[in-house]
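Start from the sequences and build out the full structure, keeping to the hints where you can.
Listed below are the residues making up each chain.
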Amino acid sequence: MALYKNGAFVDDRWRALPEGEAAPVSGHAIFPFDWWREERGAFDGSNVPLGVRVEPGADLAEIAADIKRFSVIALVFPKFGDGRAFSLARLLRERYGYEGELRAVGEVLSDQIQLMQRCGFDAFEVTDAITEKALREGRIPGVAHFYQPSERKEVPVGSRPWTRAPG
Amino acid sequence: MPQIVSANRLTDGIVVFLAASDAWVEGIAGARIFDDKASLEAGMATAGRASAENIVVDVAPVEVAQTPRGPEPKHIRDRIRAAGPTVRTDHGKQAAGL
Amino acid sequence: MYRYDEFDAAFVADRVAQFSDQVRRRLAGELTEDQFRPHRLMNGVYLQLHAYMLRIAVPYGTLAPRQMRKLAFIAREFDKGYGHFTTRQNLQFNWPALKDVPAILGHLAEVEMHAIQTSGNCIRNVTADHFAGAAADEIEDPRPYAEILRQWSSIHPEFTFLPRKFKLALTGAPRDRAAIQTHDIGYHVTRNAKGETGFVVYAGGGQGRTPMVAHKIREFVPVEELVAYTQAIVRVYNLDGRRDNKYKARIKILVHEMGLEKFKAAVEAEFAAMKPDELKLPQAEVERIRAYFAPPKLPPKPARSEALEARKAADGKFASFVEHNVTAHKTAGHGVVTISLKAIGAIPGDATAEQMEAVADLAETYGHDEIRVSHEQNLVLPHVALDDLPTVYDALAKHGLATANIGLISDIICCPGLDYCALATARSIPVAQRISEHFGEGARAKEIGAMKIKISGCINACGHHHVGHIGILGLERKGVETYQVTLGGSGDETCSIGDITGPGFSEQDIVGAIDTIVDTYVANRRDVSEDFLTAYRRLGMAPFKKALYERDTGADI
Chain A
1 MALYKNGAFV DDRWRALPEG EAAPVSGHAI FPFDWWREER GAFDGSNVPL
51 GVRVEPGADL AEIAADIKRF SVIALVFPKF GDGRAFSLAR LLRERYGYEG
101 ELRAVGEVLS DQIQLMQRCG FDAFEVTDAI TEKALREGRI PGVAHFYQPS
151 ERKEVPVGSR PWTRAPG
Chain B
1 MPQIVSANRL TDGIVVFLAA SDAWVEGIAG ARIFDDKASL EAGMATAGRA
51 SAENIVVDVA PVEVAQTPRG PEPKHIRDRI RAAGPTVRTD HGKQAAGL
Chain C
1 MYRYDEFDAA FVADRVAQFS DQVRRRLAGE LTEDQFRPHR LMNGVYLQLH
51 AYMLRIAVPY GTLAPRQMRK LAFIAREFDK GYGHFTTRQN LQFNWPALKD
101 VPAILGHLAE VEMHAIQTSG NCIRNVTADH FAGAAADEIE DPRPYAEILR
151 QWSSIHPEFT FLPRKFKLAL TGAPRDRAAI QTHDIGYHVT RNAKGETGFV
201 VYAGGGQGRT PMVAHKIREF VPVEELVAYT QAIVRVYNLD GRRDNKYKAR
251 IKILVHEMGL EKFKAAVEAE FAAMKPDELK LPQAEVERIR AYFAPPKLPP
301 KPARSEALEA RKAADGKFAS FVEHNVTAHK TAGHGVVTIS LKAIGAIPGD
351 ATAEQMEAVA DLAETYGHDE IRVSHEQNLV LPHVALDDLP TVYDALAKHG
401 LATANIGLIS DIICCPGLDY CALATARSIP VAQRISEHFG EGARAKEIGA
451 MKIKISGCIN ACGHHHVGHI GILGLERKGV ETYQVTLGGS GDETCSIGDI
501 TGPGFSEQDI VGAIDTIVDT YVANRRDVSE DFLTAYRRLG MAPFKKALYE
551 RDTGADI
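Protein chains in written order, with the working numbering: chain A, 1 to 167; chain B, 1 to 98; chain C, 1 to 557.
These aren't lab readings, by the way, just hints derived from the structure by calculation. Worth double-checking, as some hints may not be accurate.
Claimed, not checked - Using 25 Å as the maximum straight-line C-alpha spacing, the simulated DSS-like pairs for lysine-lysine come out as follows:
no., chain 1, residue 1, chain 2, residue 2
1, C, 264, C, 246
2, B, 74, C, 478
3, C, 301, C, 312
4, A, 153, C, 275
5, C, 478, B, 37
6, A, 68, C, 275
Here's what the structure looks like:
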């Protein structure tokens with residue numbers, strides 16, 4: 001597994017915390033969603049870096065009050081064809097104003113990365129070897145003309161308010 | 001019931017059958033017939049390798065009856081696959097005399 | 001019609017390059033079939049029974065002659081000289097090689113066409129009334145809105161991996177010719193009390209194995225909110241639609257299981273919470289896009305054409321063509337000509353390259369450069385002067401395109417069925433051909449009057465059988481094709497799902513069964529003005545059931 005962020009593979013300082021395990025005092029643990037809801041009290045007043053892992057189907061409202069507390073939110077793609085995390089990502093960015101790392105985990109393939117970026121993801125846990133190779137070679141398949149506003153820095157083009165070009 | 005192994009060729013999608021030589025042929029007459037479970041498993045394994053090597057896709061066994069004209073699929077779907085559209089007999093394998 | 005600007009052209013070029021690279025990676029073995037399948041589907045490439053199939057988008061069914069010529073060229077160069085117009089107003093080629101698809105897409109891009117999102121679990125080709133911009137009964141041409149929705153939904157980053165496919169349809173006339181209530185979202189153009197344009201929005205319609213008529217979820221969505229409101233619906237669906245069972249994954253099941261009121265509330269809550277303004281459509285931009293769809297400047301003509309009347313008086317076949325295939329136009333002295341792709345005994349929706357070119361010629365010379373594809377699998381010349389009809393008719397006749405049967409019993413919607421389709425359970429085309437030959441286009445067909453027969457070769461219902469006045473569903477029972485019949489379905493503004501008559505019929509008996517149904521209708525109708533659907537709705541199933549299942553039992557003796 002390799003973490004791709006800001007155009008490069010980087011060391012991952014975060015650890016996925018198993019359900020039921022106490023978080024290290026230094027933080028940098030990504031809580032399972034339900035485990036976080038049980039453990040959150042332990043972190044009142046603490047500002048160690050924390051993360052949460054959100055499975056598709058989760059109700060973001062249940063962690064709404066904590067969202068700014070997280071440095072990493074990992075959204076899961078159990079299969080690449082399960083697109084719920086695209087909507088969750090947009091909601092986190094748009095509605096909950098989340099500005100931390102939004103990490104795609106699960107089945108993350110090169111052809112989905114541009115879509116993920118446009119929905120607000122900025123970090124990708126890559127397990128697929130061909131995807132890793134493509135990213136290392138700087139190849140992210142996609143288009144350079146878009147018909148929707150997105151969560152990425154892009155620039156409006158022409159008179160249509162919905163058209164965008166890469167920023 | 002005897003079976004043959006069928007697939008579609010990756011590059012053009014054309015229906016092909018696994019022949020005795022382990023090659024893929026377009027005509028059902030050239031299909032290798034598997035009479036028992038063990039030989040069919042071996043045939044499917046060969047086909048699976050061809051699939052993994054991206055030569056064919058959608059590998060599947062097909063039940064056939066042996067006739068003097070060669071193997072004839074039991075199901076209408078497989079008969080149409082082996083011949084071509086019944087409403088356009090000028091196209092498909094039937095048009096090529098396969 | 002809409003013309004690409006540099007941005008649109010560059011987008012399609014990007015997409016061709018992207019898909020060409022995906023094909024290259026697949027052929028090189030860098031993508032497995034499982035990984036490649038969603039990409040090829042998102043670009044309209046299926047693996048069918050005999051070969052790949054390529055489905056090309058014809059947005060809201062509008063085609064220019066140069067585009068039709070390009071389709072003819074591709075049919076000859078890369079296929080077997082013909083194509084199939086579908087119930088989503090698209091065109092399918094049955095025999096393209098995967099390795100040729102990038103080249104085909106390159107040719108299509110030259111005429112502002114593509115295959116984007118003609119399959120896959122995404123927002124599909126947007127459909128609209130095939131008479132849009134021409135029909136006398138229209139409130140407003142819905143195509144500018146369809147075009148805006150087409151653009152917004154193209155490679156939508158959030159909505160490319162929905163639970164299942166998602167279909168939008170629009171109509172701008174009180175008479176619904178676009179079957180909007182059988183769509184995931186249907187938009188009916190309307191005007192509010194202040195005279196402002198907007199949409200009545202329907203959601204949750206669909207056919208397939210669980211047919212449902214859409215529910216009205218909003219009486220009025222103003223034009224400026226069209227995209228925003230659509231996003232709210234699709235987002236609710238993307239998050240909450242079922243993904244555990246693909247047969248329960250369409251939005252119709254979500255609406256059904258949530259309950260209409262809860263679903264409406266969820267959409268309204270999402271809509272209210274959206275960032276204001278981002279997706280609002282500025283009026284100036286709507287107007288700019290609308291200008292592309294401005295009707296051609298038709299020269300003023302008297303309502304009555306002497307040339308037409310003279311030919312009608314002299315030629316019964318021509319008179320019949322005018323009666324059945326020509327619809328009232330907004331502009332006096334003009335007509336909307338429907339070209340039947342249902343010649344008696346022909347394959348519904350199929351057209352040869354030569355026929356495509358003949359239609360392109362006519363559109364150029366007599367039709368102000370416009371062609372439409374109808375979801376009923378016919379072609380339309382929307383703007384023809386009545387004076388030109390005799391010439392147009394003669395040219396169509398030369399190419400086997402002048403069958404005078406629009407709306408009659410032989411104007412059958414039919415999916416490709418087991419002759420081509422990998423999902424089919426029975427053949428549908430031969431049944432359509434035999435029904436067409438049985439009833440023909442003569443006196444009996446006219447005596448029967450308005451009749452929509454729709455045939456699907458499997459439960460997925462691409463042939464719209466649920467909304468056929470008579471629907472036929474081909475199934476397999478113990479290795480044998482069998483045909484279930486439904487009565488009383490309708491895809492128009494009075495949308496209803498047909499009722500199953502009872503046990504199915506064999507391939508041999510199906511035509512006889514249809515004959516019995518037709519005879520029962522003719523014997524029981526009030527008079528010739530009561531069409532089949534009206535009569536069925538009055539009579540109910542009983543007389544038909546009796547005629548179908550009790551005739552040879554001696555029950556009456």
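Practice problem: Enumerate the violated hints, using their earlier numbering and listing them in ascending order. | Solution: Failing hints: none at all.
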